[in-house]
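Undergrad: This is what each chain is made of:
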Amino acid sequence: MKTVSLKLLTIIADEALQRRLVEDVKKLGAKGYTIEKAFGEGEHGGRVSQWEGENIRMELLVSKEVAEKILEKLARDYFEKFSVIAYLCDAEVLRGGKFL
Amino acid sequence: MKTVSLKLLTIIADEALQRRLVEDVKKLGAKGYTIEKAFGEGEHGGRVSQWEGENIRMELLVSKEVAEKILEKLARDYFEKFSVIAYLCDAEVLRGGKFL
Amino acid sequence: MKTVSLKLLTIIADEALQRRLVEDVKKLGAKGYTIEKAFGEGEHGGRVSQWEGENIRMELLVSKEVAEKILEKLARDYFEKFSVIAYLCDAEVLRGGKFL
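Protein chains in written order, with numbering that gives the first Met the number 0: chain A, 0 to 99; chain B, 0 to 99; chain C, 0 to 99.
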C-alpha cells in the first residue's frame, strides 16, 4: 500500500489546556487530532509529583514543517508555565495526503 | 534484551466499527490488539468537523506482511465509507515472536 | 527546535499491576510516566482470549540504558506470571533533557 511519511506529534498536558491547544494546533496547520484521557506523574522542579487532575494525550499527524511550528509554539508559550510533554515519532500514513 | 522488529499499526475509527475491525484484523493475522477510547476532529469533505460520538484507537503489533494486508483491507472496504485513520510506526518488541 | 533522541517505552498490562509497575520503573530511572485505560485481547497459551478486567497502557520517555533495564526487569519478574506487552519506539523529545 502506498503510504505518506509524516510526523506523529504527541502532546501530553493538563486537560484544562485542551481548548487552547486545539485552537493553536489548528491555526498552525494540523488537519485533525485525536485525544485520549490520561494520567501520570512527571517532574516539577526536580521532584516527581502526581499531576493534578486529569491529563490529555493529544496526537497529530502532520508534516515536518507543521510539527516544527507547533513545537516552537509549545516552547514559546507553554513550557514556562505548564507541565507539557511533546515528542515526535516517524509514521507511515495511509491516505496521508489528507493531512498535508 | 533481545527484541523483535515489528510494525505498530494504529487505527482510529468510530467505535461503531470496533467489532468489525476486530474480526477483520484477526482474520488477517493479528494475534491481539489494544484499544483505548478517544475523541477528536478530522477532515470530512475538506472541512474539519467534530467526530460524532466516541472513537476508538486500536493498536496492533504485527509483521510487515500482516500490516500490509490490513492496510489493503482498510483501503478497500473502509476508507470510502468511514472516517478511518491508519498509520505504521517501527517498534522493537520484547518477546516479539508471540506476535508472528 | 532542538529535541533529544529518547526511547518511548510502552507497557501494556493488567491494571492490577499498576502500582508495582510504577514503583519498578521509577526505581530503574524513569522520571515520569503517562497511563491510559485500555482493553484488548492477546495470546494466552496459544489462544487469543479476552483479557480479564481493565488494562493499562503506560508510556515512558527514557534513555536507551533505562529502557534496557526496564525490559530486563519485565523479562525477569513479569513475563512468566503476567500478560505484559512491552515495546520501544524512537522519539524526538522537546525539552528531552528533563527525562535523563
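A portion of the hints provided could be inaccurate.
Partial list, computed: chain A residues near chain B (C-beta under 10 Å) [stated by the list, open to error]:
1) Lys1
2) Leu7
3) Leu16
4) Arg18
5) Phe78
By construction, these hints were calculated from the structure, which means they are not laboratory data.
The structure displayed is predicted, hence computed values, not measured ones.
Built from N, CA and C at the ideal position, the CB exists for glycine as well.
Undergrad: If a hint holds in the structure, say so; if it does not, say that too.
TA: Outcome of the hint check:
1. Look at Lys1/A: its Cβ gets to within about 9 Å of chain B, closer than 10 Å, so that hint holds up.
2. A hinted interface residue such as Leu7/A counts as satisfied when its beta carbon comes closer than 10 Å to some beta carbon of chain B; here the least separation is about 7 Å, so the hint holds.
3. Here the hint on Leu16/A is broken, as its CB sits about 16 Å from the closest CB of chain B, past 10 Å.
4. Interface hint status for Arg18/A: violated, as the beta-carbon distance to the closest one in chain B is roughly 12 Å, over 10 Å.
5. Proximity of Phe78/A to chain B is violated relative to the hint, the smallest CB-CB distance being about 24 Å (cut-off 10 Å).
Comparing the model with each earlier hint shows violations of hints 3, 4 and 5; every other hint is respected.
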